[in-house]
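Quick note, the sequences are listed as chains L and F, same order.
So for the first sequence, the working numbering puts the first residue at 1; every next one is plus one.
So for the second sequence, the working numbering puts the first residue at 1001; every next one is plus one.
Any given hint could be a false lead.
Lysine to any residue pairs mimicking SDA-like chemistry, simulated, CA-CA at most 25 Å apart [as the list claims (entries may be wrong)]:
1) L:K578 x F:V1647
2) L:K514 x F:K1027
3) F:K1027 x L:R77
4) F:K1554 x L:R85
5) L:K578 x F:E1184
6) L:K585 x L:Q549
7) F:K1568 x L:R60
8) L:K514 x L:D167
9) F:K1568 x L:L529
10) F:K1554 x L:R60
11) F:K1215 x L:Q549
By construction, these hints were calculated from the structure, which means they are not laboratory data.
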Amino acid sequence: MMAETRHTESSLCSCFFLYDRSKVREEGDLTRAGIYYYYPEQTPLDQQELVCGQLAGVSRCVSEISASPVRLLRLRRSKYAIRMRDDFLWALSCVNDLPDVSMCDFLDQMIDLFCFYNGSVRRSYQLHTQEELAVCWARYLSHLQGGATELHHIFTCLTTIDYTHIDPLLLMKAALILQVCQRCPLVLAGCILHRGRMVSTQMSPELTMKVMVHETETYGLQEQKKPTSGRSSFLATPNCTTTTSVYLTQSELHTLRRPLVDNSASCRSESPKRPLKPRLLSRTLSDTPITDPSSCQMLASSPDSSLSDDASFSLCPSLASTPFRSSVASQSEGVDADESHDHDLANEMLLFEGSAAAGKGEDGEHDQVDDVSAGYRNHSSSEDENLLALRDDEEKEEEGAGQATDIREERVGVCEERDVVLEPMLLYEHRVRGLVLVLLVEPGFETHPNAKQEVYHSSLASLNGLEAHLRTIPPASEIPAVPYTFAHYDRIQNTLTTNMCGRSTGPQDRPFVKATALLHSHFSHVDMLQEAIIRSAGCALYATRTAAQETFFVQQGVPARNSGIPNGQDSAFSLPSKARHRLLKHGVNLL
Amino acid sequence: MKCLLVATESAEVLFYWTDQEFEQNIKKQYGMSQEESGRPPAFADSINTLFAPIIISCSTMIDRLGDGYTSFSMENGHIYALHQFEECLYIAVNGDGEETYEDLKRKIFVMKKFTEILFGMVTLSSSLLKKELRPPDTEQRIRIWKKLQRLLETYSRLREQDQSFLVEAVERLIHPTLCEQCIEFLERRLVQQMNSSGERAGEEVLHAFILVHTKLLAFYSSRNASTLSSSDLLTLIIIVQDLYPSNLELDETPSEEVDSISAPDIFYTPEPSPIERDSGQLSSDSPPVFQFVDPDVQMAEDSLQTLQLPVSDPMTPTRVFLEATFKEGFFPMMPHSMYCLPLWPGITLVLLTKIPNSQVAMSVYQLLEAFTKLEKRLSEGLEGTAALRSQSPIQELRIRVDRFIRMLASMDILTSQLQNTWSEFKNKAFTRSGPGITKALVPSCRSIKTQLCGVYQQCFAAACMGTNQCLSTTLQERALNMVQEKLIDWKDFLLVKSKRNITMVSYLEEFPGLVHFIYVDRTAGQMIAPSLSVTEGSASELGKGPIAHFIKNKLWSLVAKTRQYLQKGYTTVTLRDGDFYFCYFLWFENETGYKLEVVDIPNLPDDSAPIGMLAWDYYRKLLRYYSKSHQNELVKCYELLTVHLGVVPTEYILQHCSQLARKLWEPSRIPLL
């Protein structure tokens, strides 16, 4: 199991835990039974129990009085973002003075990441041991706090390559690669990353963020292990592609599939011989799908009709009897055969159902798996959520028959807490040294006769070319110093442009970061606020925002002496015009 | 949905206040859970049960992690604020979105201020404070809780309606001539006459002031009085408003209820809601109504709804504990008697007197301070003579305590408990057989302190105020008549003036586009702002109805926002918010009006005391901090907030602001004394 968590020196999170209240109900139950994961992991158990027990207890009491879950819990010297869902409670606390909004976003990202790679939390903990999943939590934690600057943490935004120092043609090229891939069968959307930073994406910022974890992790690992081990040589081969199973929420899937009506209709049908519309290199308005009633009918009658875009993804168990079941089953076997040497955890989880059913389960886990599969079988008939209640020892023997049923059940949808249904999907990854193409693909991708081949061949050459170009871009340190600092946050794409990148946050940047954090949380609370100037003795910051963006600007250097009285000559009030003027050359238009 | 409660570490609720919505909410939760047992539990019990785990968890966290809760935010917007003062935990809850965490924290600190004003140094001993806040006697408890609950409600009303309580600075009526005349009258005629009268029962009038609603007309302090702090003055205004509330909304529409009680000397049972009753009483043009509790009022166990408090006779003074600075030093909670004499509805004369024996309070405070210091050094591990550096101070302390006990004995004050504790202390500290001056003395120090607070309580607590210990009724009546006579011609003018003190009309021509402003002299604790009346009856320049309300709400939220920036060290803030442009400036001047350079001001943590002057004087601390770098100058601190229309170009807005600051500097020069 790949394990080592990368502890960055600038550790942002000071405490994170997942606590399951359902494990601590009776008087005699120990608090430790409810602690599923605790960071820092070396914390003494007594301390863990104290923090978890108190915070969980107090959260429950307060949420009873107010009839609502707790969101933020503040102490004198620390604060915790809280998420309470069913019996689970997550808490996250950060070391520095991160704004409340950012901390809550951070926690939500953690939970989303876990669900993306592992599916439902409850189910994951039934299928896997706490130790196994602890590795996941640690990985997501280190991913989210690693690498990026403090500004990125404030905005909880994606880390992108520095667009200001890159030839726009390269970006277009990257977008083109993605569009070409999207034309391939069963491909939903893609994203190109370079050295752990986003180059171009077709997915929503939230989804891109999730997809990046996997890439950053494998990239980091590759960098670490380059000289040794068979595994790294496997990764280093130019044609390294992997697929990982991931879980998407219904709404994510819905938005992903919507623009692809024509594409999905043609590609998802199992007969590639059917006449296809001519493939366009890039999608334009003229390429809007024409929905003719006949094709709709055809879709409705096709076996996997439930996958079509705007169908409401009904979870009726009857769906399980569609032929799709067998295709998924064979797919999982395919994965087993092809990539059993891939130790990626998420992959293992997919494998798990297949291998465990075949009797490969190891020691303690064996029983658990049996229980769960039994639970799932019952689940199909009763549709009861509570798997624990359904543990049924007598059905243990039916393992062989259970295999397909399990996966079918999974297909039907892993009912997540609060009716968030997670759909299994695949993440295809193609690596060319530092460059990675990540595609979200339909589950049938692996078993499709030529989907993988098509994607691979249509993108290989261009990826190589792009990688060669990106490699030559000078590192950030060579950016010339300018007498001002700015940060431009794109609220739609969730990206940040700043000339503070590359530099570590030095003492000269402190005032800027502090003021930006304050104003960013002010902006997030007051919709009508458009513009602000705030000034202390040492720093004057100008901030402006529209529905789509937030921009922050300070002039470096010693500010002119002032008395703080209203004075039109004051340099602070000339900041708006300066910002407008200066930022134009960074591609930020404030006019 | 609002609630505020004070509890001990052992989860005993010492005091609570809830609004009806919160109460109903709790009752609903408990009504459903306890239906089987028949009657739902008493409300106080439900509160206790619900909050006990939170209180206990809080003290566990403090004990084991050294970090206590300060707030909870819920997904549905409910907010809880928690603050620990000594051994008491204060919790404030809001569930209707009307208050932010900052507001709740402020309310907690204001509550703390009320206890200090009402109980004085008794608040320094947790065990005594517990008894004051939650007396074992039900009737007494209901009385004290009702009083505090009403003070809280009055405070909340003022904070929502009154600009001077928004920025926490006193607003004065801008009429220099009348103001000066009144001050002169208070000095030459009133205070002088009263202090030379034989009927004053040993009391001495230190301060006298006239309030028109919440606004100050004239203020006079006698020569040997210490200055009255802004924090105390604001709290006294709340107390006056609690006794004689001015509810502006109902003031202008006299109801039938008013007529029915307008005849003097009528006995009536007040309505359950104090505000309704009070407004009714106030809007009448009659002299104050003497009210007594209906003897038939049923007294139910722990039920506050059923018992109405007697509204005290205006001739009976209120005991208040105010800050004072004498040549001997600074004394935080000196006992005073406060006489609130209603001249007419809305206009009140307030007299603050020094009571006999107040030197006992000074000695108690000095001894408390000495023992606190001793305790601190001992618990830090400094033992023996090092604990007090040399031998003499502890000997001196010994002499001082002995002298103090003799003084008490000569005044017929019971001191047996203090004497016992003191001799125990002496046995431990000064005899060979005892442990000497070591850490083991710490508990003895604490019990001495408790005993000292006990003596203080015995001498000054409101409960033991003798009915005969006050200025004689005839003297009070004479004072009342004198001032009434003086102001009778001004009465109506003053009542109107208090609502339209200054108006935006006079500024519109000079400052086109200016919508509103507030100017505060933080050194004097005074503010000037155009009236911002949003009631139906009186139209201000903003008109009435939604726009006026919108601007008022905007102003309130912007003041809160600038405080957040100030807390983080930002003294200038400009915001473009919707159709308005908002500016805030804080600056320092020396006495001649020379603008001093801005310095980095301290960055306060989130749970620090709220920025303001009512519960805790932030600006006094700020001035002290600033003065460090300006040793030989008298530093003054000013604030200006403006609201402009957003279409006005920024250059003009800034120009307006600086002109306005210059213009407003003048009226703020009117002397207070």
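Can you name, in rising order, the numbers of the hints this structure does not satisfy?
-> The structure breaks hints 2, 3, 4, 5, 7, 8, 10, 11; every other hint is satisfied.
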